[in-house]
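J.: One-letter residues, chain by chain:
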Amino acid sequence: MPIYFSEHEVVLPGQLLSDNGKRSGEGTYTLGGKIYAAQIGFATIKNNKVTVIAFKAAYKPMPGDRVIGIISDVRPNGFEVDLGRHLTGIIRIPDREEVKSMKLKVGDVVYVKIRESGLSGVIIDRGSRIRKIESGLLIQLHPSKIPRLVGRRGSMINVIKKLTGCDILVGKNGYVVVNGPSPESEFAAMKAIRMIEREAHTSGLTERIERYLRELLGK
Amino acid sequence: MLKPERLIDESGVRVDGRRPDELRPIKMEVGILDKSDGSAYVEFGGTKVVAAVFGPREAHPRHLALPDRAILNCRYHMTSFSVEERKPLGMTRREVELSKVIREALETVTFLEEFPRASIDVYIEVVQADGGTRTTGLTAASLALADAGIPMADLVAAVAVGKVDGQLILDLCDVEDKYGEADMPVAMAPRFNSIVLLQLNGRMTVDEFKRGLALAQKGIAEIYRLQREALKKKFSEFTPAEE
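Chain order of the listed sequences is A and B.
Position 7 of the first sequence, counting from 1, maps to 7 under my numbering, and the rest follow consecutively.
Position 106 of the second sequence, counting from 1, maps to 106 under my numbering, and the rest follow consecutively.
It cannot be assumed that every hint is accurate.
To be verified - Straight-line Cα separation of at most 25 Å, DMTMM-like style, residue types lysine to aspartate or glutamate; simulated pairs: (1) B:Lys210 with B:Asp165; (2) B:Lys232 with A:Glu9; (3) A:Lys22 with B:Asp34; (4) A:Lys56 with A:Glu215; (5) A:Lys60 with B:Asp34; (6) B:Lys232 with B:Glu84; (7) A:Lys191 with B:Asp34; (8) A:Lys46 with B:Glu113; (9) A:Lys172 with B:Glu114.
If you're looking for bench data, these hints aren't it; they were derived computationally from the structure.
A quick note: this is a predicted structure, and the numbers were derived from the prediction, not measured.
Next up, chain A with everything else stripped away, as it sits in the complex:
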């Protein structure tokens, strides 16, 4: 298949990427059998598909994603969960008694899995546990920074967890909960997360975060 970009080239909306319209992946669109970029990002081939890894993009819920949300409504047949920005998830529970027994109130923070997302809205999986988060710091990041916060196979997040001793829950929708043994460690973790948010596009960030945290905690 003829392609018109080099690996990890910065592409812009409207840029022609390939002549084979059948291999259009995320961040692209097809017109007249050709693939064009729809967003600013790095063009690459992933799973035999031409994709654009966008620098900045809104979160698109996918089945199986683990997200953190805030209960925004309690109804007889379930709950409504605010997933940040424009998204609202729905937890459907046919049994009224079960809704009551779950003891979730408006404002409670929950860690859930997405079952389905489409025109009928974002449906939350009830089969896997709906975990209520009792304490911690809730931080909101731009969803496009989440892959950087986690790092390759969790390398970045593990550095923060190890050095601060905090438990960190990451929702793909951009919400992060930090739960630590002391306020100092929680604040250190939060500062590191904010630093990742600011410098997400730079290289060698994991080492810098490690140094920064050691300095902050006096280790």
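Given chain A, work out where chain B should sit, using these hints.
T.: Same frame as chain A, but now just chain B:
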């Protein structure tokens, strides 16, 4: 401002010293604001415009949200100090109209169906007006949308052509707009050569219209190149994430 004796002299030099087919000095910068999702600043000579994009975010009021796609809100506004005589606050009839035509131009290139029930809000603020504010605003808005990561088919580039003293000119300034014979703003998605906005004030013959459109296309090609350059410049420092 008073009417100059002539808008173009016999050697083809305009009031501000440009040739008939010459653009004004253009400056573009992307990502100038922190609080918005995307932003851009564009300058065409004395016309200075800031555009900011928010979203996709929850649509307000909620009953306006559409089940199958996002709504695009657009507000074109001139600051009270953008013109010589203070422009009263609030939206004038003209600003409401321009907001609508700019919104319709942007709707043709953005993939709104990606974000059902959401809204994307585009704010265009004219800081200084010297002719061609709608085209400059549209150019800035499309940069801000791309900066915000909204999926788009193409960028939108816009410029006006006009007629002064019987001659076709590109990229009108305020005086040429006020005292000229015709003013025709054109916006295009250059990749597909499709026109997304076309208005005409004044009179042109069919032949002049055709030549004017060709002239606009030439200007748009140059503006499109500058837009791409501005976007590339902002994102050039990015390195692939260690995923």
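J.: None of the hints should be skipped; say for each whether it holds.
T.: Do the hints match the structure? See the list:
For the given pair, Lys210 of chain B sits about 18 Å from Asp165 of chain B by alpha-carbon distance, which is consistent with the 25 Å threshold. Restraint check for Lys232 of chain B and Glu9 of chain A: satisfied, since their Cα atoms lie roughly 10 Å apart, inside the 25 Å limit. Of the pairs offered as hints, the one joining Lys22 of chain A and Asp34 of chain B is violated, with about 38 Å between alpha carbons and a cut-off of 25 Å exceeded. Between Lys56 of chain A and Glu215 of chain A the alpha-carbon distance is near 31 Å, which puts this suggested pair outside the 25 Å criterion.
Using a Cα cut-off of 25 Å, the hinted pair Lys60 of chain A and Asp34 of chain B holds, with the two alpha carbons roughly 23 Å apart. Among the hinted pairs, Lys232 of chain B with Glu84 of chain B is inconsistent with the structure: their alpha-carbon atoms are about 36 Å apart, more than 25 Å. As the CA atoms of Lys191 of chain A and Asp34 of chain B are separated by approximately 18 Å, the hinted pair is consistent with the 25 Å bound. With a CA separation close to 24 Å, the supplied pair Lys46 of chain A and Glu113 of chain B stays within the 25 Å bound.
With a CA separation close to 18 Å, the supplied pair Lys172 of chain A and Glu114 of chain B stays within the 25 Å bound.
Of the numbered hints listed earlier, those contradicted by the structure are 3, 4, 6.
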